[in-house]
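Visitor: Here's the letter readout for the chains.
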Amino acid sequence: MDGVASASPREVVDLAAAGVRSLNALLHERAGPFPSVEVLHPMGQHNVAVGAVRAFRVEIRGHVGYYAAAMNQEASIHIHGNAGKGLAENIMSGEVQVFGNASDAVAASGHGGLVVVHGDAASRCGISMKGVDIVVGGSIGHLGAFMAQAGTMVVAGDAGSALGDSLYEAVIYVGGRIESLGEDAREEPMTAVDRERVAGLLARARLSPPLPNVERFKRIASARSLYHWHAGQNRIHG
Amino acid sequence: MPRAPLEEHHSFPDEIRAYIEQAAETGLYDIRGLGAKRRLPTFDDLVILTASLSRYPLEGYRERCTTETVLGTRAKNPVRLATPITIAGMSFGALSARGKEAIGRAATAVGTSTTTGDGGMTSEERESSKCLVYQCLPSRYGFNPEHLRLADAIEMVVGQGAKPGGGGMLLGQKVSARVAAMRTLPEGIDQRSACRHPDWTGPDDLAIKIAELRELTDGRIPIYVKVGASRVLSDVKLAVKAGADVVVVDGMQGGTAATQQVFIEHAGIPTLPALRQAVEALEEMKVVGDVQLVISGGIRTGADVAKALAMGADAVSLGQSVLMALGCNRSSPADGHAVPTDVTPDYEKLGTVPGRCHHCESGRCPVGVTTQDPELELRLDPVEGARRLRNYLTVMTMELATLARACGKSNVHHLEREDLAALTITAAAMAKVPLAGTSWVPGQ
Amino acid sequence: MCGIVGLLLRRAELRPALGELIVPMFECMAERGPDSAGVAVFSEPSSAELCKASLYASSETYDWPALERRMASDFGTAIRMQAHGNHALFVLPREEGVREWLRAHAPGVRLLSVGAAIEVWKDEGNPRAILKKYGFSKFEGSHAIGHTRMATESRVSPAHAHPYTAGRDFCLVHNGSLSNPYMLRRKLEAAGVPFETDNDTEAACRYLEWRLSQGDDLEHAIGHAFVDLDGFYTLLIGTRHHMTLVRDPVACKPAVVAETDDYVAVASEFRSLSHLPGIENARLFEPLPARIYSWTA
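Chains as they are written, first to last, in this note's numbering: chain A, 269 to 506; chain B, 193 to 636; chain C, 48 to 344.
Hints listed in this document are in silico derivations from the structure and should not be mistaken for laboratory results.
Please note that the accuracy of each hint is not assured.
To be verified - In silico EDC-like links for lysine to aspartate or glutamate, alpha-carbon gap of 20 Å or less:
| no. | chain 1 | residue 1 | chain 2 | residue 2 |
| --- | --- | --- | --- | --- |
| 1 | B | Lys478 | C | Glu200 |
| 2 | C | Lys185 | C | Glu78 |
| 3 | B | Lys478 | C | Glu78 |
| 4 | A | Lys486 | A | Glu451 |
| 5 | C | Lys185 | C | Asp170 |
| 6 | B | Lys229 | B | Glu207 |
| 7 | B | Lys541 | B | Glu567 |
| 8 | B | Lys478 | C | Glu171 |
| 9 | C | Lys180 | C | Glu67 |
Bear in mind the structure is a predicted one, so any value in this text is a computation, not a measurement.
Kindly generate the complete structure, drawing on both the sequences and the hints.
Guide: Right, dumping it as structure tokens:
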């Protein structure tokens, strides 16, 4: 394969030479050698490291496009750059770290694992999440955790408007300012359990110091008033 | 003196007054199942021009007429079917597990495909269905790469005919423990669903999303794109531009297990003009033969299938009629008992009678098809249900072949639009087929 | 749907390389928009009175020299002309009377743009072919905005390609889909604004043109647009000295910006920017919804 030097224990894939297909095929191998993978020159390509099936360690040197690390299982994927839309969408398990910023829909519909954005994330961070844990070192855009069903999101910085709109059972912790809450999201008091949870996730995320002060975080959860349709809900929105 | 006859108010018939009453009394809008119930132009308004002095029929039963159908011809592993009659996406959640199993068994026996729905893939369906199309919906309930890899095709759902622009819906009474677990929802709540996909908006982004799904499945299987029939001409072209191997168009008559009545009756266009526009779009894009077309939305008989194929579809997909074969709206369920059980009282509890029920949303399906209730579910025997459905699909396929043979075709896919005539001006205009007895197509 | 690209050079020495820099940006956006492509290039004229007119004829063999001669004779002055098949750029001593003259004497020729700095090239067909045909790599200027189109509701035709222009030295490209384009069009036509196509992007362009003609500056015009335009849109606007970027409040259509000391580059996807020199050290960001970003050439 062009651009892939066979060496163990490391594979090097140069995405400027080979397309994403060779990298993804490698990550879909269920048996055989278990290399760690160095990915060079992603140049913003889409679908980098999609659908890994085992605990590969993948270091991506540069910016990626849409759906990087999507549907990840077990693998540890580090992106030394920015990520486009849908980073780690539908992640099942494993860990994805972006050291730069991420675009919309981080970890969309993610079922498990941990996704960390060291910089900022754009709108709809954690949309439709179904059990993934997300940590953002910077701030997030509007409609964070929209329709988030399960999992935990920790935002060290600020959150944009309509945070937690249509929230189910996922819980959001925000260290900075919240521009506004979405429909059915409400602030709830932080307990010792919450603080432990935030501290635990910040530690797992390995954000660069200085780490945010756990005492500053607010807890946002569902008011659960949309769980059953009833006439009282039908309002005319001005 | 005799009283003057009481005048009916046609703008406010009984159904409208009942609607106003419910809205006024409860402040709630009506939610129900199935598809548009009002009279609409359908395939019944077209007829087939079978053999004459100038065209010779093939002998039924003796002279071969093949029904083999291939969908996704560009993929490494296209979907190969024994009949162009396939089964549409209906979720586990909307349907019972036994219902999904019955459908899978019947489809396998007949040699056709089934489709998952807005709840993910159950093991019952994957084990019973030899050819399974896996849907990717805005909600992404239960969506996961392992199931993607087990699928024979992927269907990216942009919308469905019952509610183009609306998302899925499942009321709390049907969000059982198992359904809730599959969908990552609290048990018993009313499910609210997204109407847009979480990680792409627009056909330019869809092209990248389709590429992602191809990457995940190593390019092996076809990718379908399903749209509810709204702006069909542009939607089908855009699906092709975005990389669809198969386009599925679901007309207004298409069903759902639950959505607002206003959507069902007032959104989208009927299947008949939708099909014609879809074919036009594929012809304009010059992809006929490369990208296949599946039409759905109130397909009921072998004659419907023949007409749909003649108009240019490669296959059809059935939803509501499958449920009816499994017992929907029957006074006795397909429970496999020697003596039929009369469940009419259970229809009455829903405020309806057999033949008029549309309460899939209630979870109290009297025949065990669209329920999660453990007792009601037992009313559908998967083996008996499979037998009935297999029979129905077989009859439809035979009717299709009979009509095709009568037109002199040895392959049902050789039916063409010139084999059709229209009985009404509306159908002639919608299908662009001449009015019977004339050469007139309105607008041409 | 579509791909948009924009490049504004901060240092005058880079202006001869504008085309070379923008071509790889376009090539990346060809999958997003396979149906047609176009670019507007802004470069200052050599003299204050000059007016540039970009023209388009439906035939590849249109007799541009003959048109030039007739125009020169009627305007009583020399006219510079560059022709490329069905496109031509005329440089005239003045603008008054140009539109009327063309309407009267060359009704089949379409005026793509008019202004002191703007030149527009757009056509249907695959973007890669269009880049080659019109020699995009040789363009010089201070800034350019461009577009690759995936036609949604209206037809594919050269007229439907972006950028859309209005007035003098004003154009825009659009990624997204307006949900109320027809009512906008009816309102604007009633206000005396003529339309050439049924494309939703033209509705956005004419709307801004109308607001500017009512005395709004661009910022206020866009502020009105947030209220009157509905749907999803990322708009990139080119004017004589500025490049302006805006996303609608829902912000589903993408945009990425790269800023260095040498340039500001905009594209629908980062990969379109990835070949620019110095991109590794660029400040990269995504524009926030309902915010106006403007850069000066």
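Visitor: Does each hint fit the structure? Answer for all of them.
Guide: Going down the list of hints, with the structure as the test:
1. Distance hint between lysine 478 of chain B and glutamate 200 of chain C is fulfilled; the C-alpha atoms sit about 18 Å from each other, no more than 20 Å.
2. A threshold of 20 Å between alpha carbons decides the hint, and for lysine 185 of chain C with glutamate 78 of chain C the separation of about 23 Å lies outside it, so the pair is violated.
3. Distance check on the hinted pair: lysine 478 of chain B and glutamate 78 of chain C sit about 18 Å apart at the alpha-carbon level, within 20 Å; holds.
4. A threshold of 20 Å between alpha carbons decides the hint, and for lysine 486 of chain A with glutamate 451 of chain A the separation of about 17 Å falls inside it, so the pair holds.
5. Proximity of lysine 185 of chain C to aspartate 170 of chain C is assessed by CA-CA distance (about 18 Å); at most 20 Å being required, the pair is judged to hold.
6. Taking the CA atoms of lysine 229 of chain B and glutamate 207 of chain B, the gap is near 12 Å; set against the 20 Å cutoff, the hint holds.
7. For the hint linking lysine 541 of chain B to glutamate 567 of chain B, the alpha-carbon distance of about 16 Å falls within 20 Å, and the restraint holds.
8. With a C-alpha separation of about 17 Å, the suggested pair lysine 478 of chain B and glutamate 171 of chain C falls inside the 20 Å cut-off, and the hint holds.
9. Annotation: proposed proximity of lysine 180 of chain C to glutamate 67 of chain C holds, straight-line Cα distance about 14 Å (limit 20 Å).
Checked against the numbered hints given earlier, this structure breaks only hint 2.
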